[in-house]
Structures are given as C-alpha cells and as structure tokens.
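Q: Residue-level listing of the chains:
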Amino acid sequence: MQVVINETRYQVEEETSILQLCQMLGIKIPHLCWHPDLTPEARCRMCVVEVNGHVRAACHTPVCDDMVIETDSEKIRNYRQLNLELLLDGDHTFNLEEDNEFSRLVRELNAEGSLGNGRTNGANIDASSPALIRDMNRCILCGKCIQVCQFVQQVNAIGFSNRGHDMEICPVFGKSISEAGCVYCGQCANVCPTGAIREKDYIEEVKAALLDPSKMVVVQTAPAVRVTLGETQNLEPGQVMTGRMVSALRKLGFDRVLDTNFAADLTILEEGTELIHRIQYDKPLPMITSCCPGWIKFAEHYYPDLIPHLSTCKSPQQMFGAIVKSYYAQKIGKRPSDIVCVSIMPCTAKKFEITRPSMNVSGRRDVDYVLTTHELGRWLNAEHIDLKRLGDSPFDPVMGMSTGAAAIFGSTGGVMEAALRTVSDLLEGVDLQRLDYEQVRGAKGIKESALTLGNREIRVAIAHGLGNARILMDDLRKGTSDYHFIEIMACPGGCIGGGGQPKPTTQSTIKKRMEAIYNADRSLPIRKSHQNPEIQALYETYLGQPGSDKAHRLLHTRYNNRKKTLGDLKDLEI
Amino acid sequence: MQILKNTKFKAFHKALSLSAEEVIEQVKTSGLTGRGGAHFPTGLKWQFIHKEKGPDKILICNADEGEPGTFKDRFIIRNNPELLIEGIAIAAYAIGANRGYIYLRAEYKNLRPHLEWAIKNHQNELAQIHFRLDIFMGQGAYICGDETAIMNSIEGYRGEPRSKPPYPAQLGLFGLPTCINNVTTLSNVPLIIDGDWSDFRLFSLSGNVSKPGVYELPPDSSAGDLLALGNPSKPIKALFFGCAGGCVPYDPKLKLSKEGVADQGAMIGSFAVIAVDEDQSIPAICRNIAEFFVHESCGGCTPCREGNVKVLNILNRLTSGDGIPEDIDRLIAWGNFIQDCAFCGLGQTSNNHVLSALTHFRKEFEELCKSSSMKPVTR
Amino acid sequence: MSLLFKNTKSGWKKESSELLLSRLVEIQAQDGFCSEVRLRNLAEEMQLPLTQVYEVVTFYSFLRTHPAGHHTLMICNSPSCFVNGSEKLLQNLENYLHIKRGETSSGETISLRCTSCIGCCNEAPAALLDDLPLTKLDTQHPDQWLKESYANIKEHEI
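Chains as they are written, first to last, in the working numbering: chain F, 17 to 590; chain U, 184 to 562; chain P, 563 to 720.
Treat the hints as calculated values from the structure; they're not laboratory data. The beta carbon of each residue, even a glycine, is placed where N, CA and C say it ideally should be. The reader is advised that the hints may include incorrect statements.
To be verified - The calculated DSS-like cross-link candidates involving lysine-lysine, where the alpha carbons are at most 30 Å apart (straight line), are:
1. P:K650 - U:K546
2. U:K394 - P:K650
3. F:K267 - F:K347
4. U:K292 - P:K650
5. U:K292 - P:K698
To be verified - Negatives, chain P to chain F, calculated, CB over 10 Å:
6. R585
7. E617
8. R663
9. S668
Using the sequences plus the hints, can you model the full thing?
A: Below is the structure:
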C-alpha cells in the first residue's frame with residue numbers, strides 16, 4: 017500500500033492502524049485511551065487525524081491504499097486543544113505536577129483548563145482498601161481499566177454505569193472495590209493514564225519509622241524489583257541492578273537491607289516438600305502455588321471450592337516477615353516489636369496480603385509496610401538519588417543470600433522451574449545437572465509440561481493473567497484437570513508485570529524484564545534453592561526440617577471462603 | 184398511499200420464484216436507499232451480506248425510530264404490519280438470513296401486538312425460507328437506533344456503538360454477517376418486487392401545523408407541497424429536520440430531497456419535518472435539542488459526552504438572558520469540533536441544529552447576547 | 563477488508579446473552595425496579611458477571627435500580643411537543659402534583675419525568691403513562707386527562 021502522511025509518501029506492507037504506523041515511523045500522535053496490548057476503543061479522541069479530508073481516530077482506523085493523512089494540521093491542533101480542555105474541565109483535581117501519561121500530555125500540548133462543566137460524579141474517593149485508591153475526580157473515562165479488569169483479568173470488579181455525562185466507572189451499586197470482589201492485582205492502576213486508580217502510598221509511614229530511633233527498620237526486596245527499578249529513572253528496561261538497588265536503600269536510611277529472594281528459596285523448600293508429600297500420600301492434586309496474593313484472593317472469591325488445592329505455604333514476603341521477627345530477631349538480639357519490616361514489591365496486592373489473618377505470628381504484622389517499585393522510584397527521585405551514580409552493595413547477611421531459583425520467581429514459570437529444580441533432586445535422589453526447564457518459560461498465557469522424575473510422570477501447568485487462571489480452574493472444577501502442580505500468577509508476565517511496576521508495563525517491557533530475570537539466574541553461582549547455605553543454616557539451627565511443626569506454625573497459612581462477601585445467595589432473602 | 188397497500192404476500196412468493204441475486208438486482212435497480220436517515224443503497228447493502236458465507240446470517244429490522252419528529256415507522260407498524268413482515272421475509276431470502284430481529288423501541292410497546300399478529304399470520308412463509316423472526320424490545324435509548332449500537336444492545340450489552348471496520352456485513356451480531364434495515368425501507372421492498380412501485384418519500388410532518396401526519400409524496404416534492412397538506416395557521420419560519428438534521432428557513436420552493444436540503448446546510452435524514460412558526464424562538468428550540476443530545480449521548484467519547492454539555496450550558500445562558508457575544512463563536516467552535524471528532528453518527532450530527540441555526544437565524548441569537556463587554560474572554 | 567481488530571466494541575466478548583434485556587424488563591415489571599438481590603440472582607442464573615448486568619441496567623432510561631412511583635408519567639419534551647407547549651404542560655403538572663420533574667408524588671405515587679420523542683409527534687403534546695401513549699394533551703388542565711387516564715389504568719388493574 018502507498019500512503020501519504022504529512023505530505024511524505026510511504027510504502028506499507030502489512031495491515032496496521034494509522035496510529036501504529038505513525039509510531040513505527042516516529043510520527044507523534046497523542047493518545048490516552050490506547051494501549052499496545054488492548055483493543056483500541058477510540059474513546060478519548062486525542063488521536064484524531066485528518067484522513068482524506070475527514071477527521072478520524074488514528075487508533076482504530078486501518079491504513080488503506082492511497083490514504084492521505086495529516087497528523088498536525090492547524091485544524092487537528094485546534095481540536096486537540098479543545099479535547100484536552102474538555103478532559104481538564106469540571107471538578108477534576110488534577111495534580112499536574114505528578115508524573116503520569118495525562119499530565120505529560122497536558123504539559124506537552126500546553127493546554128489550559130477552563131470554566132467548569134460542574135461534573136458532579138467523581139466526588140468520591142474510594143480509599144477502602146489497603147492496596148488501591150480510586151479517585152474518580154481524575155477519571156477521563158478512557159475505559160482501559162475496564163478492559164483489563166473485565167477481559168484480561170476477568171475479575172469484573174468495575175464497569176461502566178449510567179450513560180452520557182452521568183457515566184462513571186465504578187463497582188456495581190456504587191460499592192467500594194473492597195466490597196466488590198476486587199483482588200487488588202493493580203492491573204487497572206497499571207494502565208490508568210491519570211492516576212484515577214493508583215496504589216495507596218505508604219512512603220510517609222516508612223519515613224516515620226526510619227526516624228524512630230527505637231526501631232530497627234529492615235527492608236526486603238522482591239525478585240522483580242531489581243530488574244525494573246532502573247525504569248523509574250528512564251533507564252532501558254531489562255537491566256539487573258541488584259547492587260545499586262541495595263545501595264539506594266541504604267542511602268534512604270534502612271538499617272538492614274535483606275532479600276525476599278532468600279525467602280523465595282525458603283518457599284521452595286517448604287512447597288517442594290509439600291508437593292512431594294501430596295504426591296506420595298494422595299492428597300488433593302493438583303497443588304496450586306500460593307505466593308501470589310492477587311491469585312489467592314481471586315481463588316477465595318471465585319473458586320472457594322478449590323481451596324484444598326492451594327499450597328498452604330505463605331508467600332516469600334510473608335515467610336520473610338515471620339522469620340525476620342523470630343529467627344533474625346534472635347540472631348541479632350532485638351525484640352520482634354522493635355523491628356519494622358518493609359518490603360519493596362512489584363505488587364499492589366501485597367499491601368493487602370500483610371493484613372491477612374495468620375500474617376502476624378510475631379504478635380503484630382510480620383511485614384509492616386509494602387512499597388511498590390513505583391513508589392520506591394518516586395521516593396528515590398524525590399531524594400535525587402541517581403541510580404547511575406551508585407556503586408554496588410551486597411545484601412546484609414543471615415537473610416541476604418539467594419539462588420538463581422529465587423531470582424526467577426519474578427517471571428511467570430519461575431516458581432514452577434525453581435520448584436522443579438529442587439523437587440527433581442529430591443525425587444531422583446541426586447544432584448541433577450539439569451537446571452533449565454525451557455518449556456515452562458515464556459509469555460504464552462497457559463503453558464504445560466510433563467516430566468519424568470523418580471519413575472513418576474509429573475504433569476505441570478502454568479497460567480499468568482487471571483483470565484487464564486479461570487480456564488485452568490474451570491477445567492479443575494469439571495474434573496478434566498490431570499496436573500500435579502499448577503503455578504498461577506495474577507499478573508500477565510508474572511510479578512514483573514505487577515500492578516506496582518514502573519509504567520509502561522506492556523508485553524514489550526515485560527519481555528525485556530523477563531530476559532533480565534533469566535540473566536540474573538544464570539549469573540548466580542548457586543541456582544538451586546536447597547543449596548543455599550543461609551537456608552540450610554536456618555533449618556539446621558532453627559526450623560528443623562521442611563514441614564516441621566515450627567515451619568508450619570511460622571511459614572504456612574489458611575484461606576477463607578470469600579464468596580459470602582459477594583453476597584452468596586444462600587445468605588440472602590429472596 | 185402505496186405504503187398502505189396490502190400485497191397479501193404475493194410479492195414474497197414472486198421473490199421466491201426468482202433467485203436471490205435477481206431479487207437483489209431488482210432492489211438495486213429501483214434505487215431504493217435507506218429510509219432510516221443514512222440513505223445507503225439498499226440493494227448494495229444486501230449484496231454485501233449475500234456475498235458472505237453462511238449458513239448463519241442475521242437480518243435486523245430497525246424499529247427503534249427515535250429521531251424526534253419521525254413517526255412514519257409507527258404509522259406502518261400500526262396500519263400495515265404485514266407489509267413490513269413481507270419486506271423482512273423477502274430481505275431474509277435475498278441475503279440468506281436464517282435469523283432475524285425486529286428491534287422495537289420501548290416507547291412502541293403498545294404496537295407489539297400488531298407485529299406479533301402479522302408474524303403469526305405468516306409463520307408458514309417464514310418457515311419456508313427457514314427464517315426465525317423474533318421481536319426484541321429496546322429500553323429507552325436513542326443511540327440504539329445506530330446500527331452497531333443495536334447489535335450491542337441485542338447481545339446484552341450497553342448500547343454503545345462499535346468501531347467500523349469491522350463492518351456489520353462481515354462481523355455483526357454475535358460475529359455473524361448482519362444486515363440492518365429500517366422499517367420503511369423494508370416496507371418498500373414488497374411494493375418493488377410486486378412491480379407496481381413508484382419511488383416515494385414518507386414524510387413525518389409535525390410542529391406548528393394543524394394537520395400533522397404521515398404524508399406520502401413524490402421524490403422531488405417541495406416544502407410548499409408538504410406544508411400545503413399540513414395547513415399551518417401561522418406563517419412558518421423554519422423547518423427542523425428532526426434533531427439531527429438541522430434547520431432551514433422556510434422556503435416553499437425548497438426541494439425536500441437529500442441534495443436540496445444539503446444545499447441549505449441541513450440533512451434531510453429520516454424525512455422528519457418539524458415546522459416552526461414565527462412565534463417560536465429558534466435559540467429556545469436549539470436549547471431543547473441540545474438537552475436531547477446531552478440526555479441521549481452514550482458517553483463513550485469525549486467530544487459528544489463533554490462537548491454537548493458545554494453547548495447546552497451556553498444555550499441555557501443565552502436563553503435565560505445571560506448570553507455574551509462570544510457565545511456565538513464558542514457555539515460554532517464547539518459545534519464543529521464535536522461534529523468532526525465524535526465517535527458515531529449521534530455525536531457527528533448533534534450540532535447540526537445549532538450550526539445551521541446560526542447560519543440562518545444568527546440575529547435571534549445575537550439579540551439574546553448582552554452587548555456589554557465587561558466579561559473577560561478566554562475562548 | 564479483512565479483520566484487523568479483534569474489537570471488544572465488536573461484541574466479541576465472551577458471555578453474551580440476548581435474553582438479558584428482556585429478563586431485566588420482566589424483573590422491573592414485577593418489582594417496579596431492579597434491586598441488587600434480583601440482579602445477583604439473575605447474574606448467577608444466567609452465568610453472567612454481575613458487573614455486566616449492572617452496566618446494562620444503568621444504561622437504559624427505562625430501567626431503574628431504585629423504586630419509583632407506582633405509575634410513571636413521562637412527558638415528551640422533544641421539539642415537536644416542545645413547540646406545542648410541552649414546557650407549559652410540565653409546569654402545570656408540577657403544580658398539580660406538587661412535585662418537580664424527576665420526582666415522585668406521595669399519595670398516588672406517580673413519578674413525573676421528561677422523556678425523549680415517543681413518536682406521537684402528530685398528536686402533540688404527548689406523554690406515556692406507563693406503557694400507554696397519551697396524546698393531544700390539554701396543557702392548561704392536565705388534572706382532567708390525568709384523572710381520567712389514571713382511572714382507566716386502575717380499572718384494568720382490578
């Protein structure tokens with residue numbers, strides 16, 4: 017096809033939209049409701065261009081032969097200003113100082129607001145959950161959050177209501193998200209251009225703890241954070257900056273910088289043992305991973321009948337919290353109540369996980385605060401801490417050592433592969449040379465594999481994105497699921513695609529982050545969880561063995577049937 | 184009136200003796216265009232769906248007549264429903280549809296028995312072409328008259344319009360090839376096939392006339408021809424072509440054709456003519472129409488959802504005596520922006536009224552503006 | 563042109579149901595409105611997300627999630643009726659019923675609303691009392707025709 021864009025002729029080979037073609041050619045067209053991984057819905061109308069003399073939205077108009085396109089005529093520039101004026105209007109309390117897609121566009125186009133439309137829907141701020149805030153004053157009704165919640169994640173916590181000027185995006189009947197079955201995966205926050213839905217911020221609380229001289233503040237960092245922190249300072253996605261991350265955290269004033277990855281190795285020991293036990297003793301199979309709090313809440317709401325299949329292991333974050341306020345506290349001679357545990361996570365649901373029952377074996381919250389990668393980035397930027405200028409630092413000892421198996425937790429398939437590395441050694445009874453399980457890696461929504469270990473065929477499946485989880489769970493309900501072990505991550509891509517990650521989080525950035533994850537794995541000297549000497553020490557001197565009573569008390573948990581909170585019909589009078 | 188003719192399904196049987204292609208050819212030759220307002224050549228539309236692979240194809244009869252001032256479809260359903268059913272049956276045969284819906288607006292619920300009766304009478308003929316026809320009731324949304332919104336509505340979703348492409352002919356209701364035709368369009372079909380048809384326009388005349396009603400007139404009729412039948416008691420100042428069509432000053436010589444009206448900056452649309460006499464205030468009517476569009480906007484795109492409220496606010500100010508001279512330029516700016524940038528036909532025609540009114544009746548608006556220059560101007 | 567977009571606005575969503583809207587109408591006919599309990603039951607029964615059901619209910623003018631008057635009087639306020647005195651009619655009705663448009667009267671529990679064109683433009687000004695079109699209404703003395711129409715409905719109900 018031949019097209020003319022801004023008076024220049026181009027040859028186009030493949031079917032594409034005008035917006036995507038222009039992106040490929042480096043021609044800028046503003047947009048707000050478009051996302052590379054979602055269906056273009058052409059709602060915001062920022063991307064209007066002139067096509068053969070007519071005005072069309074570039075995001076959903078396919079390129080045709082002989083099209084004549086103008087992307088920056090005076091008419092178009094005028095229309096962009098008018099459109100932005102409408103979006104800025106009314107009661108919107110935009111904080112244009114914040115850095116998000118919308119504020120950047122407004123600054124770039126130098127738009128002004130004008131007299132209010134008196135929009136009244138949006139006065140509400142829903143701060144009911146520990147994880148996410150909905151501030152509908154900022155909502156421009158782009159609909160991306162609904163696309164991810166209804167079609168990708170298939171949680172259906174939010175939708176449109178009313179029409180026209182009264183239209184809103186909200187849970188049914190004006191409920192808060194905590195009443196509406198939201199699982200806090202944060203994928204909505206990930207795509208929101210204005211921050212109308214965003215993570216709840218705990219930086220001030222953490223700063224207060226740091227200033228408290230009676231407290232020792234320890235911080236743990238998730239596997240996914242070290243491969244994405246650079247993006248908060250506009251570095252290329254896919255760089256592993258573990259050492260610099262540790263330095264940055266020391267600069268912020270944390271007393272000890274420890275590693276969630278240590279606890280990930282711990283999780284593998286517990287979960288691997290649990291899996292073998294279930295296989296040997298014919299307990300409910302398949303066993304399903306339990307380290308993803310978004311997935312767990314989803315299971316509790318929508319598949320509570322399948323709860324017996326969930327591993328009873330806590331997540332690495334929570335295992336870390338329990339151990340830091342018992343084993344570690346003992347080791348360094350501190351009272352558990354004098355330790356404040358902060359975690360840096362790619363995940364918004366983790367902010368909810370810390371409030372779950374049984375996450376307080378220390379007598380209070382085992383993990384006190386969660387900051388997302390996004391929040392940490394903001395904090396570092398506010399303090400003018402430049403990652404490029406920092407040297408590397410090591411983690412502090414006792415809970416700072418980890419293996420390649422822990423590193424890959426951040427990617428979909430990583431928990432599975434880490435578990436297989438340990439389980440296969442245990443079942444085969446030898447230190448196998450095999451380390452890489454390629455078939456569980458990659459971005460495919462549902463992955464399956466079968467291996468022979470210790471004379472048994474072990475069938476495994478991996479799903480990421482809750483829509484894909486539904487497929488596996490529906491099969492399980494129907495009785496057509498013949499797996500032994502299933503890994504489920506709520507977020508597409510796994511934790512590297514989490515709701516708290518730097519924006520943009522798209523298939524493309526996820527791919528680069530994934531590469532970094534497996535690079536990190538390959539670069540580590542020890543790549544199997546059970547070979548981690550700090551873990552070995554923990555068991556030898558404190559826990560006994562995996563699955564011991566002490567291990568169960570500290571490191572395992574239970575789940576609730578949350579179907580009732582959605583109004584289980586049996587509870588309602590009809 | 185041709186539209187009241189009862190062919191007793193003779194045309195249907197005649198159509199069955201022809202091939203589907205021949206039927207389509209006859210309709211194409213007749214020059215029949217869509218009577219819902221978009222004026223798309225009917226035979227051509229049928230050909231698109233006919234070309235698609237079956238076996239499942241859908242025909243939707245758009246009975247969501249929502250354009251204010253239009254009541255011709257109601258007239259047909261009430262007075263000659265069998266003609267409509269026959270037209271639907273012939274269309275289904277021509278395009279190869281096996282499933283059909285009459286999308287009937289909620290406001291016409293009392294007419295449903297007429298349709299049910301007509302369908303019941305002709306169950307055998309419908310069975311003959313393996314065509315299942317159901318009635319689907321709307322629930323109060325003008326936007327559902329849009330052909331893609333109708334599909335979303337039937338599927339059990341909000342009646343928001345869809346992007347085109349994909350086009351309904353390829354990917355329509357439930358993803359199947361779908362043809363959407365208006366009641367009046369389909370009612371013309373048996374008359375065409377029967378052979379005794381001469382092109383006519385079905386006008387819905389209302390407003391300040393003493394004989395409002397449905398009038399069947401030849402295609403080259405003038406405004407004078409129509410208003411003579413309507414018998415206004417006072418001089419007519421303007422004609423509004425529904426809400427979406429805009430307005431023209433009354434000129435008896437004006438040809439009431441798509442081109443004749445377009446020459447004057449308006450759209451004849453569904454042939455609704457609202458005659459407005461000299462005592463009416465054009466800005467007040469525009470304010471009323473702006474309120475209509477604000478209420479009926481689906482909310483799916485920024486220009487229509489937000490922009491039309493801006494327009495309504497300005498018109499509210501003007502008509503309550505607080506207008507400023509800049510308001511007129513603002514109305515033109517917003518109006519052009521919304522028409523160009525809105526997602527669908529509703530938004531794209533939602534400001535014809537005020538833009539055409541400002542072209543032809545600008546003085547009435549100017550008189551409502553305070554002449555004071557006290558207020559600072561931003562835009 | 564081959565399919566370029568798998569478009570959610572093309573209705574390629576999973577669970578779709580052409581029966582949804584008519585079921586909602588049934589519920590409203592029975593209860594006068596669509597309550598949360600009824601919608602939850604319906605969603606469960608039809609295996610649809612409650613969110614989708616709620617999206618549909620709140621979209622259409624004729625469906626409501628809160629109770630209204632026992633009867634609904636909708637006055638057409640579109641241009642044909644407007645130039646035939648619908649504003650005057652509304653004002654007189656508001657005075658007679660002692661409520662503003664959008665509100666429900668105590669006593670006879672009738673809700674007064676404006677509505678868009680109901681297709682009775684040749685018999686303007688017009689209104690809908692529940693499903694029944696009322697046409698060529700006397701704008702000055704709405705009490706008379708209202709009482710009469712009301713009596714007719716009540717007769718049918720008994």
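Q: Would the non-interface assignment of R585 (chain P) survive a Cβ cutoff of 10 Å against chain F?
A: The assertion about R585 (chain P) holds, with a minimum of 15 Å to chain F.
Q: For the pair we were handed, K292 (chain U) and K650 (chain P), check the Cα-Cα distance against 30 Å.
A: Holds, at about 27 Å.
Q: Taking C-beta pairs only, is R663 (chain P) more than 10 Å away from all of chain F?
A: holds, 16 Å
Q: Would you assess whether E617 (chain P), listed as outside the interface, keeps its beta-carbon beyond 10 Å of every beta-carbon in chain F?
A: Nearest chain F Cβ is 5 Å from E617 (chain P), so the label is violated.
Q: Hey, K394 (chain U) versus K650 (chain P), does the alpha-carbon distance stay inside 30 Å?
A: It holds: about 22 Å lies between the C-alpha atoms, which stays within 30 Å.
Q: Quick one, are K267 (chain F) and K347 (chain F) close enough, alpha carbons at most 30 Å?
A: At roughly 24 Å apart (the allowed maximum being 30 Å), K347 (chain F) and K267 (chain F) satisfy the hint.
Q: S668 (chain P) clear of chain F by more than 10 Å, beta carbon to beta carbon?
A: S668 (chain P) is indeed farther than 10 Å from all Cβ atoms of chain F, at 26 Å.
Q: Would the hint linking K650 (chain P) and K546 (chain U) be met if the CA-CA limit is 30 Å?
A: The hint holds at about 26 Å.
Q: Just to be careful, I want the Cα atoms of K292 (chain U) and K698 (chain P) compared with a cutoff of 30 Å; is the pair within it?
A: Holds - the C-alpha atoms of K698 (chain P) and K292 (chain U) are around 19 Å apart, at most 30 Å.
Violated hint for the displayed structure: number 7, the only one.
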